[in-house]
Amino acid sequence: MRSDIFDQSNLEVENGQRFVLQSPKMLKVTLGEPVLAAKGVMVAYQGAVQFHHKGSDSLAKFVKRAISSDDQSLMTVSGQGDVFFARYAEDVFIIQLEGDAISVGGTSLLAFDASLQWDLHRTRGAGVMTGGFFNTVVHGHGSVALTSDGKPVILDCSQQPTYVDPNAAVCWSANLAPEVVSSLNMTSMLRGGSGEAFQYKFHGPGFVVVQPSEGFAGVVQTS
Numbered sequence: 011m012r013s014d015i016f017d018q019s020n021l022e023v024e025n026g027q028r029f030v031l032q033s034p035k036m037l038k039v040t041l042g043e044p045v046l047a048a049k050g051v052m053v054a055y056q057g058a059v060q061f062h063h064k065g066s067d068s069l070a071k072f073v074k075r076a077i078s079s080d081d082q083s084l085m086t087v088s089g090q091g092d093v094f095f096a097r098y099a100e101d102v103f104i105i106q107l108e109g110d111a112i113s114v115g116g117t118s119l120l121a122f123d124a125s126l127q128w129d130l131h132r133t134r135g136a137g138v139m140t141g142g143f144f145n146t147v148v149h150g151h152g153s154v155a156l157t158s159d160g161k162p163v164i165l166d167c168s169q170q171p172t173y174v175d176p177n178a179a180v181c182w183s184a185n186l187a188p189e190v191v192s193s194l195n196m197t198s199m200l201r202g203g204s205g206e207a208f209q210y211k212f213h214g215p216g217f218v219v220v221q222p223s224e225g226f227a228g229v230v231q232t233s
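Take the sequence shown: its letters are residues 11 to 233, numbered as in the working numbering.
Please keep in mind that the hints were generated in silico from the structure rather than gathered at the bench.
Keep in mind that the hints are not guaranteed to be accurate.
In silico lysine-lysine, DSBU-like type, Cα no more than 30 Å apart, as pairs [claimed, not checked]:
| no. | residue 1 | residue 2 |
| --- | --- | --- |
| 1 | K35 | K64 |
| 2 | K161 | K49 |
| 3 | K35 | K161 |
| 4 | K211 | K161 |
| 5 | K49 | K64 |
| 6 | K49 | K35 |
All chains, please: the whole structure from these sequences, using the hints.
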């Protein structure tokens with residue numbers, strides 16, 4: 011039997027690391043300690059692995075998740091073995107936190123060490139008209155895997171205000187506190203709108219990672 015599919019580059023990656031890229035679009039995690047992952051992103055696993063719904067941990071977090079349109083539904087993945095995660099063949103990136111934090115937007119969060127702390131934060135200015143914008147802040151010591159729909163760009167927000175479509179913001183410096191701004195005006199609304207109703211505004215020392223996409227069909231769009 012011969013095929014390009016059996017190329018050496020497609021074989022399972024074995025390098026002893028807990029979080030490793032099996033390919034640019036697939037994450038492999040070796041269990042021992044559990045991980046938290048977005049629901050529905052497991053594509054394969056080997057060994058004795060269990061998947062359980064991740065609760066909210068606290069009443070405050072439960073309330074935030076209940077009213078958030080960007081709710082990040084999580085599952086706990088535990089046991090012994092290897093688990094492979096992917097989402098819509100998006101590019102996967104691993105961030106190693108060393109006591110610092112990262113803010114993650116929308117559905118970009120793929121998986122992270124269960125030992126990390128996380129919470130939902132409401133974006134300033136996200137009112138009723140926006141449906142509410144929330145982001146997930148992850149901090150501590152451990153690995154975080156994110157997805158980007160295509161090769162992203164990193165924008166420096168320290169020199170001038172930076173505006174990003176909420177569906178295109180992958181992650182940003184946790185010290186930045188974005189606010190939701192509207193480009194709506196009466197003339198534009200009467201003419202059917204521009205399709206660019208709301209943006210995140212970032213300004214200060216830090217960065218924002220932007221994907222070349224506003225998401226897939228079926229994902230809640232607000233602009």
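- [ ] Could you work out which earlier hints the structure fails to respect and list their numbers in ascending sequence?
- [x] none
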